[in-house]
Amino acid sequence: MELLVASAIGVLTSAGLYLVLRLRTFPVILGMSLLTYAVNVFLFASGRLTVGAPPILSDGVAVYTDPLPQALVLTAIVISFGMTAVVVMIALGAYLGSNDDHVDDQPEGLQGPEGDLS
Amino acid sequence: MMHWIIAPIVLPALLAPFIVLAARYHNGIQRSLSVAGVLALIVIAAGLAWQASDGTITLYQLSDWAAPFGIVLVGDRLSTMMVLLTAVLGFCVLLYAIGSGWDKRGWHFHALFQFQLMGIMGAFLTGDLFNLFVFFEVLLIASYGLMIHAGGNARLRAGVQYVLFNLIGSTLFLFALGSIYAETGTLNMADLAIRVTAISPDETVGIRVAAVLLLLVFAIKAALVPLHFWLPSSYAEAPAPVAALFAIMTKVGAYAIIRVYTMIFPPDLEATSGLFDLWLLPAALLSLAIGMVGVLAAKRLDRLVAFSVIGSMGMVMISISLFTPEGIAASLYYIVHSTFAGATLFLISDLVRTGRSDLQLSPQPPVAGAALTAALFFVGAIAMAGLPPLSGFIGKLLVLNASYETDLVVWIWAVVLCSSLISILGFARAGSILFWKSQSVAPNEDAPEVSRPAALSYLAVGVLIALLGAHTIFAGQVHGYTTTMAAQLFSPEPYVSTVLDTPGKLSTPKEHN
Numbered sequence: 001m002e003l004l005v006a007s008a009i010g011v012l013t014s015a016g017l018y019l020v021l022r023l024r025t026f027p028v029i030l031g032m033s034l035l036t037y038a039v040n041v042f043l044f045a046s047g048r049l050t051v052g053a054p055p056i057l058s059d060g061v062a063v064y065t066d067p068l069p070q071a072l073v074l075t076a077i078v079i080s081f082g083m084t085a086v087v088v089m090i091a092l093g094a095y096l097g098s099n100d101d102h103v104d105d106q107p108e109g110l111q112g113p114e115g116d117l118s
Numbered sequence: 119m120m121h122w123i124i125a126p127i128v129l130p131a132l133l134a135p136f137i138v139l140a141a142r143y144h145n146g147i148q149r150s151l152s153v154a155g156v157l158a159l160i161v162i163a164a165g166l167a168w169q170a171s172d173g174t175i176t177l178y179q180l181s182d183w184a185a186p187f188g189i190v191l192v193g194d195r196l197s198t199m200m201v202l203l204t205a206v207l208g209f210c211v212l213l214y215a216i217g218s219g220w221d222k223r224g225w226h227f228h229a230l231f232q233f234q235l236m237g238i239m240g241a242f243l244t245g246d247l248f249n250l251f252v253f254f255e256v257l258l259i260a261s262y263g264l265m266i267h268a269g270g271n272a273r274l275r276a277g278v279q280y281v282l283f284n285l286i287g288s289t290l291f292l293f294a295l296g297s298i299y300a301e302t303g304t305l306n307m308a309d310l311a312i313r314v315t316a317i318s319p320d321e322t323v324g325i326r327v328a329a330v331l332l333l334l335v336f337a338i339k340a341a342l343v344p345l346h347f348w349l350p351s352s353y354a355e356a357p358a359p360v361a362a363l364f365a366i367m368t369k370v371g372a373y374a375i376i377r378v379y380t381m382i383f384p385p386d387l388e389a390t391s392g393l394f395d396l397w398l399l400p401a402a403l404l405s406l407a408i409g410m411v412g413v414l415a416a417k418r419l420d421r422l423v424a425f426s427v428i429g430s431m432g433m434v435m436i437s438i439s440l441f442t443p444e445g446i447a448a449s450l451y452y453i454v455h456s457t458f459a460g461a462t463l464f465l466i467s468d469l470v471r472t473g474r475s476d477l478q479l480s481p482q483p484p485v486a487g488a489a490l491t492a493a494l495f496f497v498g499a500i501a502m503a504g505l506p507p508l509s510g511f512i513g514k515l516l517v518l519n520a521s522y523e524t525d526l527v528v529w530i531w532a533v534v535l536c537s538s539l540i541s542i543l544g545f546a547r548a549g550s551i552l553f554w555k556s557q558s559v560a561p562n563e564d565a566p567e568v569s570r571p572a573a574l575s576y577l578a579v580g581v582l583i584a585l586l587g588a589h590t591i592f593a594g595q596v597h598g599y600t601t602t603m604a605a606q607l608f609s610p611e612p613y614v615s616t617v618l619d620t621p622g623k624l625s626t627p628k629e630h631n
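Residue numbers (this note's numbering), protein chains in the order written: chain A, 1 to 118; chain B, 119 to 631.
Hints in this document: simulated from the structure, not taken from any laboratory. Glycine included, C-beta positions come from ideal geometry on N, C-alpha and C. Just to be clear, a hint being listed does not mean it is correct.
[To be verified] Where chain B lies over chain A, by a calculated footprint (3+ residues, C-beta under 8 Å):
| # | segment |
| --- | --- |
| 1 | 24-37 |
| 2 | 41-48 |
| 3 | 51-64 |
| 4 | 87-94 |
If we strip away everything but chain A, and leave its shape as in the complex, we get (with noise of 0.2 Å):
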């Protein structure tokens, strides 16, 4: 179980930087979501992970699943859905403005038809 969520979230947090590194947008957005995704199931396994057990106080119950971190996993998920669809728009402007997907800067006479219009 340990091995499985530890391996996961490895899997995907290396996933994500590769593809954050890359150097036009789509796949940069893509290794973000990966990222957040990582993020979230590491949020969630910081409370320990306990299988079949009540997070809330009951009768008759010993053993708990911590509640604090699934708490905090539903805002970091709404939190990045909100900020990757953010930043979806944006690339897309930039995209169909420029009509160029590269995050990093060109070098001046490379940009596209429009050139810097700074």
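Given the structure of chain A, go ahead and fit chain B onto it with the hints provided.
Using the frame of chain A, we list chain B on its own:
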């Protein structure tokens, strides 16, 4: 329980949707609501700062839940001063945005502006690390909207970089929070301060990783070299009033470092020793050097100002990384100065843009109002470069003085003094190209007549410069106050006991009146 301390968060949070929903098509109403809101914020923030000035620590328990379980807001000297600083800066920036008409060049400027203020105020007031993350996200998502306000390809491209860099920062923040929670089982700052000391010395691996991750996150926010790459192009491409407001955002990172690393991971904590003198100080020295070299090397005025912001953050971080009461007091003095100086320069760079096609550092024919703009630039550059008589000089003296006792005094003095010289050269070069050489360029006859910037724009810059002047004249009083602030930070026991020992709903059921 006094409710005023949550007002700096609730007021903009209510005002922003009201502006969007009720005043969507009425620019005048939006402007008056926004200005009224910020004025009210200044009054509230001044009241809070006054209340905290005698050392009182105000605690606000949301929904009356006791501290480690509920979220708390805490107002001490430092956080109330930062709130007041934000409100005053917000007012000047808003005046400029209205005066220059920037707020009409896109949708929802005022609503986003209020949300941005809400996030910054919340980040300063919260007493909970996860809540700090949430307020970081609030201020970031508002800043994404403000950053691409008025559109344009260059701005959108810079916006993509800005958003992606900050998303990675947020992910890192969550990793840090996860590891802190896994190690200690709490995210309340006061509770953490106690629990971290209880970790036995041979089990500190996890908490050390968490401390370094957290420092990385705050260093990204504070634009510390080598994590500064998001700053130059995003600040340069952002609309000028927005960039001026962003001058406080790097300070949020500095504030978070001061708060977390004086309270949770204090310098005498065994587990995190060496973090500051070994890592933070060299990075800060490098930031100062690179920022000021960037000032000299920049080809555009807005980039030049952005690099000067990096340099001044380097100065702030040098002073913080000493982690002595004198160092923190000096850094707090410099934070106020650098916020106003950075904002002033961003606004002036927009005044320069009036009548020019771009901000390239090349001579172009003089336009109406150039003389006044040049004078303002002169004052702003003096402030930022740290020449007498303005507060940059005093701040720099305080930093040099605070570092005199340390082992690395030679390095600090050498870097600070050399980079000051370089920045003076950079500003002098920019100013002489922009304002003096332009006199020798023949005016273009068929160029359309450009009217001078609005009086309100000049007023906003004038208010900022007057604040810098006041910061200089009352330097003794301000530094005295930041010294008491640092003393409060270095004895966190009252803070911890106020937060943890105040009964809430859980400990004693309260009588209904």
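For this session: Go check the segment 87-94 of chain A versus chain B for me, would you? Three or more residues, Cβ under 8 Å, otherwise it fails.
Result: holds (count 5)
Exercise. For the segment 41-48 of chain A, does the count of residues with a C-beta closer than 8 Å to a C-beta of chain B reach 3?
Worked result: With 6 residues closer than 8 Å to chain B, the segment 41-48 of chain A meets the three-residue bar; holds.
Exercise. Can the segment 51-64 of chain A be counted as covered by chain B under the rule of three residues or more with Cβ-Cβ separation shorter than 8 Å?
Worked result: violated (count 0)
Problem set entry | Outcome, coverage of the segment 24-37 of chain A by chain B - at least 3 residues whose beta-carbon is closer than 8 Å to one in that chain | holds (count 6)
The structure fails to meet hint 3 from the earlier list, while all remaining hints are met.
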